[in-house]
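> Take a look at the letters that make up each chain.
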Amino acid sequence: MSPTDDGSEKSTDGGTGDIFDFEATEEISTSQRYREFFHEAFYLPAREAWRDWRMKVGLVLIFGYLFMGLVAWISGSNFGVLADVTIIESPRSNQFGGFEFNNEGPFQSWDYPLGTDSTGRDIFGAIVYATPDMLKMTFAGGVYVVVVATVVGTVAGYKGGRVDSVLTTISDIVMTVPGLPLVIVLATMIDPRNPWIIGPLLVIGWWAGLARTIRAQVLSIREESYVEASRTMGISTRRIIQKDIMPNLMPYIMVNFVMSSRQVIFNGVGLYFLGILAHGSYSDNWGVMMQFAYTHASALLIPERSYQLLMPMAAIVGLSFGLILFSQGTDRLFNPRVRQRGTGSTEQDGEEDEMTTTIT
Amino acid sequence: MNWFIKRIGQGLFTIFAVASLTFVLIRTMPGSPAQQLAADIRQNQPSLSARQINVMVEQRIGVDPDQPMHEAYMNYMLNLAQGNLGESVNYQEPVADIILRSLPWTAFVMSVSLLFVFIFGIGLGAIMAYREGSKFDVGSSIIAIFLSSVPYYVAAVVMIYVLALELSLFPLSGRYPRGVEPGFTLEFFTGALHHAVLPAASFIVTTWGGFALGMRGNSIQVLGNDYIRVAKLRGLSDRRIALRYVGRNAILPMWTSFLITVGFMFGASIILEEIFTYRGIGYYMFDSIENRDYPVMMGTFLVITVSVVIAVLVADITYGKLDPRVESGGGDESY
Amino acid sequence: MVDSQSHKKYDDVVSRRKFVALTGVTGAAALAGCTGGDDEGNGDDGNGDDDGNGNGAIEADGDVDVWFETGNWDDPTNVQFNPFNPAALGGQLDEALWEEYAKYNLEHGEWIPYAVTEWDIGEETVTFEIRDDLVWSDGEDVTAEDIVVGMRLDEYQDGEIWDFAESVEAVDDTTVEITLEDTANQEVVEWVLLTRNVNTPEHVFGEYLDRIDDGEDPEDVMGDLATWDDREPVTCGPFYFSDEESTNQHMTAPAMDDHPDADEINFNGYHMYERGSNEAYHSSLIDGEFDGLLSLFVSSELLQTFPDTVDEIQIPGTFGAGIIFNHDHDIFSEREVRQAMAFATDWELAAQNADPESKQVPAVPCGITTAAIEDYLGDDIDDYESYDQDQDRAAELLEDAGFEQDDNGDWVDSSGDTISATIVYPSGWSDFVAAAETVASQLNEFGFDLELEGQERGTLEENLGNSDFELANFEWNEGAIQFNHPYYSLRHNFRNRQLDPDTSFFNYPESDTIEVPARDGDGTIEVDVVQRLNDLASESDEDEANEIIKELAWVVNQDMPMLPIQSKFEQSFLSNDGWEYPDPESDDMQILFPLYWLPKQGQLKATEE
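Which chain is which? The protein sequence lines are A, B and C, in order.
With numbering that gives the first Met the number 0 applied, the first sequence covers 0 to 359.
With numbering that gives the first Met the number 0 applied, the second sequence covers 0 to 334.
With numbering that gives the first Met the number 0 applied, the third sequence covers 0 to 608.
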């Protein structure tokens, strides 16, 4: 129900230390430091990661969905100039004319490349129009997990003592609360409509596993000599966390961000499909499209209509495939052995995190 | 030993906290059992007029006037302490009975699923690691990643379409064949297995990939370790190295997550059992949420929580036992 | 699939055990039924292979050893049959277990006497005769006293009959007399009275009435009664419920030998299986697992995938999707806006999107069920507005109401606000969803700003009941059979008590008179609709009553309390594979529901292949 990162300790121990070893000892101007930080923390790794095919495919897929979201946002926007720009028509019943345009199969016309549903709505358009909310939800869920976990984990690990034991106990409890049942109860109770709220709700307890990992990491990094040095030099706790500890935690944070995002997709679409999350129209979510195809169009029983179910399903699988590939690709960034060998075929912690989060 | 007691205490506290939390949450849900029942009857019992249904429902449900929340809470917790889960509003039978007749089915499907996820995940992962870089490895990795991106309910829908409706290989719904009486007969058992295939397969197909990739990663790392090289130099047989050193050390880190999968599976069972009309605990939980049957909601929620608490506890304890490097005192770091 | 040999052995064991349990209850028929049932179980677990329909053996008395396999919406382990307890009430089996007073043929528009053989509705009293050969399943005779007990208990559940009745008593063993409070409309009383079932044996329910008569608080007594689950009902229909023979998978209703018409039934009885979803019921019909089904929405395309052996019987239903306005809303309380919305939308298209075959659009929206409109309006139907799509007319009406169309084509009021609202709808009901989507799409095209919001049925009813909505896509009439009569459907429009016992959930004004143009086009008329409804209920003269119906229908037609955009057909199914029944198109089939009614008439027989 919540992510666990067993074995993660060993894989990061000394894993990323090489990037940051030199940094702590020098006094540099702020802007220079940020530039350097950016260069070291993002540019180099990104260049490195791009060599991995999984990263490429993953990023292409993710950007594809972002582009779809943008198209839908521009088309639906009432914002100044954008109000007049409509790239894709918002799907509505009988949008291509009368009854005879209902249940048109895919790949027949550029007007409705993926076909129309049983009330004549453009399936491609509906998939595109469902994308922005899906992305918002996904992003919100990922950010929520990462932020809460990082705050709880670093504070617990760094402060220690009573704060630590209270936070750890809370994390333990949250980890044990059955995830999906709780989400269902909360979804019925709150009846959320806003994607920025739905996202975090769908992964409400997910921060606990990551928080524990981060706490363990912080505990071990704390003992590292350079952190010890910073502390004796009288640098503030906040600065130490920010400068010395956070960079070491990035691999976990990245992977967990991606994995909780994927969980948002899974849970969200599932709950829309079952009708637990309330929806308005067809193009609200891919899960709603599936539900319509399943119940109204009987797409399971009428073989000629199975495309109405398959198309939104493909959209879901595509996005989560992209996310997983992306997270698999990141292990090039964080895993020293992979980088040394440069073959790109060996994975360690990325996969382990993948493993432990997939199951949840 | 001290640590052991602490863990059990924590488990009990977790159950208490979850019970309290869910009690409050459930009581603040919109809609009441009466409204759900009335809506249900209006749908299923077209011969009655709405007005009469309202009166009937009031007479049936309205026997117990609304207690204030804190009183209801005290009552519930006291009963719970005595092992009494209360009585279902909708079914008018003890919640414990509902759980007793549904939980074994969920446990059945879950054990079958877990077994196969474990076999496929560990087995394929290990083979992939040994043949790192081969076509088999790359191909399996891609398949594993792809299947991990398929939600289990999507897999369920696809399997219903292909295996149940088009090919008629497996039943669409239910727990065992009609006409067969439950009992210790071969016929009943094979029938039940036949019905469990699709729900279990939906889960296995979408979950083994994560385990395989994890196993592969762990094994490769272990294979690169010095002690394996030493073992090879010592002339130990490959088989022995594979089982004694690599297998064990690669599986160990996955042990906890494997048991924690139990918690996730309970969650998944809500959606899967609904899709397959498989009357396990997930089915009744969904049913109780729809009917606002508070006692059943509480009961199923608690049973799932207790199962997860036990699973985590077992994971922690056995982890300490399996991995000699971990002192029992440090067991809580195994997450 | 397990080979059949092991099955046979298993069957033997079960049969013998069951036989022991059942002897003494029903004798030979039960034994026959029992083995038959287990034979059925053999090959069928959803695989779609033959379910043994055809292989029923002929028995000595000419009966065929076969069960009628069908579906049921309730969990078989949970279903109960106390008619005063609403939870898990045995739904469709009602029709097989109890005898209905009479049946209404929707095609002929007339009553067919059944358990009640004669009735007379007078100015002050209603008397009726109960068939004298009926017996309860425990051997007692069915008497007028049983009827009286049921009706009297019904008073404490606000039963419809007590809208008219003052008291009820048994005159002799078979005659019941109801004293009326006031003169009553004969048709309305017929609908209320004759749709009742003989389902309250005095020796079972009498004790509750005695407790009330002894001065106990009726609320306590009815609370006890409403929470009593009856798994062993004492029934009087041609079938009885057997708890012993029911399993986790199905309910079993074997034929009752003591029933006077037992000879008409040549099969063992019913097995009723629950399925989890409409999709699962569909596939059970497709695979031939079911020999019939009471009612199920099947779209016409899906129907084409059904095997030829399955016959669909369409019977007009009382309702369908409608647009309900909250009459407290600033905009939708205006008649012009409501009319404009009717003119702006294409109801035919909405019906086609929902399903072209099983949905129809009322000829004129007037608060009368689609099937009955012509019966009651007759030639005057042309006077009524049909609201065929006419967007110019809609635009005129909106302009009359003070709206104007802005540059984007949106309708705005004098302060520049668009007509924006949310339409709530029951999210699980796929045909309603399609209607809601279509209407919303069309209105948005026309320049409204409407959003859809699906809600779980229970939540939706709660919100509607609290009048917490703007527009709703909801049924425009109730489904109970008496709502076929205009009195009920008109009352549903004007004085709705569906979701709130005290007020109309959509706030239609009840205290004021409604002013509408006169039907002959000359000036306006004012109608006190509540008063006129009461007049209709107590009008004993048929012609007078019809005039009132026309008048009230006219008010609905002009004022549009709600938009009845479509009506559904009940879709009932029977399989001709192993079964004989009249032509599905024939009038005999227009009685709800053929599945259970036909056997009572000896018109559904198992064939002896």
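I should point out that these hints are in silico values taken from the structure, not numbers from a laboratory.
Predicted model, so just to flag it, every value in this text is computed and none were measured.
The beta carbon of each residue, even a glycine, is placed where N, CA and C say it ideally should be.
Any given hint could be a false lead.
One-sided excerpt, in silico: chain B residues whose CB lies under 7 Å from chain C [stated by the list, open to error]:
1) Gln9
2) Asn74
3) Leu102
Selected chain B positions facing chain C (Cβ under 10 Å, derived; list incomplete) [claimed, not checked]:
4) Asn89
5) Asn224
6) Ile274
> Could you run down the list of hints and mark each one as holding or not?
Verification of the hints:
{"no.": "1", "hint": "Gln9", "verdict": "violated, 37 Å"}
{"no.": "2", "hint": "Asn74", "verdict": "violated, 19 Å"}
{"no.": "3", "hint": "Leu102", "verdict": "violated, 15 Å"}
{"no.": "4", "hint": "Asn89", "verdict": "holds, 6 Å"}
{"no.": "5", "hint": "Asn224", "verdict": "violated, 51 Å"}
{"no.": "6", "hint": "Ile274", "verdict": "holds, 8 Å"}
In this structure, the earlier hints numbered 1, 2, 3 and 5 are contradicted, and the remaining ones agree with it.
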